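Asker: Build the full structure now, drawing on both the sequences and the hints.
2 protein chains.
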Amino acid sequence: MGIAADVLAGRIAAGARAITWLDDGDPRGAEVIKRIFPHTGRAHVIGITGPPGAGKSTLTNMLVGALRARGQRVGVVAVDPSSPFTGGAILGDRVRMARHTLDPGVFIRSIGTRGAAGGLSRSTHDACLVLDAMGFDAVIVETVGVGQDEIDVVNLAHTTIIVGVPGLGDEVQAVKAGILEAGEIFVVNKADRDGYEATRRQFELMLHLREQARPEEDWSPPLLRAVASAGEGAAEIADAIAAHRAHLDSTGGFALRSGLREREQVLALLRERLARVARARAGDSLLDDVEARRLDPYSAIERLTGGLDQEG
Amino acid sequence: MGIAADVLAGRIAAGARAITWLDDGDPRGAEVIKRIFPHTGRAHVIGITGPPGAGKSTLTNMLVGALRARGQRVGVVAVDPSSPFTGGAILGDRVRMARHTLDPGVFIRSIGTRGAAGGLSRSTHDACLVLDAMGFDAVIVETVGVGQDEIDVVNLAHTTIIVGVPGLGDEVQAVKAGILEAGEIFVVNKADRDGYEATRRQFELMLHLREQARPEEDWSPPLLRAVASAGEGAAEIADAIAAHRAHLDSTGGFALRSGLREREQVLALLRERLARVARARAGDSLLDDVEARRLDPYSAIERLTGGLDQEG
Chain A
1 MGIAADVLAG RIAAGARAIT WLDDGDPRGA EVIKRIFPHT GRAHVIGITG
51 PPGAGKSTLT NMLVGALRAR GQRVGVVAVD PSSPFTGGAI LGDRVRMARH
101 TLDPGVFIRS IGTRGAAGGL SRSTHDACLV LDAMGFDAVI VETVGVGQDE
151 IDVVNLAHTT IIVGVPGLGD EVQAVKAGIL EAGEIFVVNK ADRDGYEATR
201 RQFELMLHLR EQARPEEDWS PPLLRAVASA GEGAAEIADA IAAHRAHLDS
251 TGGFALRSGL REREQVLALL RERLARVARA RAGDSLLDDV EARRLDPYSA
301 IERLTGGLDQ EG
Chain B
1 MGIAADVLAG RIAAGARAIT WLDDGDPRGA EVIKRIFPHT GRAHVIGITG
51 PPGAGKSTLT NMLVGALRAR GQRVGVVAVD PSSPFTGGAI LGDRVRMARH
101 TLDPGVFIRS IGTRGAAGGL SRSTHDACLV LDAMGFDAVI VETVGVGQDE
151 IDVVNLAHTT IIVGVPGLGD EVQAVKAGIL EAGEIFVVNK ADRDGYEATR
201 RQFELMLHLR EQARPEEDWS PPLLRAVASA GEGAAEIADA IAAHRAHLDS
251 TGGFALRSGL REREQVLALL RERLARVARA RAGDSLLDDV EARRLDPYSA
301 IERLTGGLDQ EG
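These protein sequences, in sequence, are chains A and B.
Read in order, the letters of the first sequence are residues 1 to 312 in this note's numbering.
Read in order, the letters of the second sequence are residues 1 to 312 in this note's numbering.
Since the hints were derived computationally from the structure, they do not count as laboratory data.
Please read these numbers as outputs of a predicted model, since none were measured by experiment.
Careful, some of the hints might be misleading.
Said to hold, decoys possible - Here chain B is said to cover these stretches of chain A; the calculated rule only asks that three of the stretch's residues, wherever they fall, bring their Cβ under 8 Å from a Cβ of chain B:
1. 35 to 44
2. 59 to 70
3. 263 to 273
4. 292 to 303
As the list claims (entries may be wrong) - To spell it out: a stretch of chain B is covered by chain A in this simulated footprint if at least three of its residues, at any positions, have a beta carbon under 8 Å from a beta carbon of chain A; those stretches are:
5. 33 to 41
6. 264 to 272
7. 293 to 304
No residue lacks a Cβ here, since even glycine has one placed at the ideal position from N, Cα and C.
Answerer: Following this line, the structure appears as structure tokens:
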């Protein structure tokens, strides 16, 4: 198959096409994955997440530069809220990142969040596999840190960077628990702003609580400062990423996380497939009865899934 | 069944227990829904959403007071990020709301987000049905406006209020497109802050674009100001809710949205049930093969779902 071979040869156009197929659920995408899968598992997948307004895109942009300076080829998968009303702001970020787009060692790709529940992590992981097969050493996955979909996305990473920011208050820092627990590197961005010390102390407390709760943990997450808009903090973050990668390699954690990710991917694909079966099963007349309140949803489900549980 | 009868009699303890059962997937919850379902469809479900830091809890609190003053019984379903690290801030909001907890005309309930993808909107809707059956005139569903789960939750409402706030910048206002499109009432909270005018103009532009994109729309969303911490803006928001309710009643939109919600609930339940089947089908040895990269995820799925599509 031409496209899969071109992906393995690192051809950008082929990679972009394969990711589009996978994002759209085009069966040609699955064929590409089947061909390239044995050649994947090498790229270091780095998740970047945090609340809206933390400057994640700018930080990602800075980090791409830092990793390139160390000779790594870098892919970026940006999980994009894709709001038609705020296209300006988001486009601005992408344009800022565009200074890397002439660099053949950098490939940037947005994944929409328009898909069904659970579909986001599936297509993000597929995109990571394609970039991995293309030979990128690092794949950065950038997403906003709220919502179950986003946790699922971040759980795909070998190394997760949590980005905080001064002055947004407790509620805003409240990225979901699952993400905080997954974080291996913490960064307070916009550290030249008022409130930096308070935010830093807040993160220190949180890391202290985590350490107490998990005394057996063998990685101690660093807490770093950055002013990504001014390029400050890039080397320290790149060092921390390299340190975590070395830690993963020495403990077998790298292969372990890659394997768990593939396992989760099978379950995500299975849920997607079954959701399609569900839509087909729930015929119109039954849904009409529920809509008219002649039948309650739970009784409807009993009719729809009769016998299905036994098939497992 | 005692609990269902007690729910229909408006007993708080029974309602709380039923919601817990439904949240936990306890089959007794489904039995309650079957009994109460014919008596539901009366409550006005009001969604409140916006970015973190917009003051949604304070606004909800204010709105509860305003609706109570108009003689309505009000239920609140707060979709809670439930972060262990920010329990303080969130608890603070709940405590602030606690001034209503001695009022038998108010019932406040948090729903966790710990469930599986898609489970959040399912258990939120179940909670709305219970509050509806208990005789609450209005049910407010409060959630943060990012993530597919949250869109699903907001799509459950008859009337959706989008809350913005000055000074967070474009990116932070970028609640998801689906939510912006669903919004029927827009509120700029913390309107005494610097940047109010800029945020207001941003929302005006957004509403203007939306109007151009949908000339056939028969509801023109109002844009209101509020300082919820000082109780400002409550009457205007309550008026707008009443106006939208009257609009829904006059166009048949109220029953239409209720029906679509039940239809969506059947599909959500079906997805949950099928996800359980999926986990049972994906046996350990097949997942082990994928984890060890001996088998790719797409080929694994073909083996797992063989013949299933035909069952529909």
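Asker: Hint compliance check: list the failing hint numbers for this structure, sorted ascending.
Answerer: The structure conflicts with hint 2 only, although it agrees with all the remaining ones.
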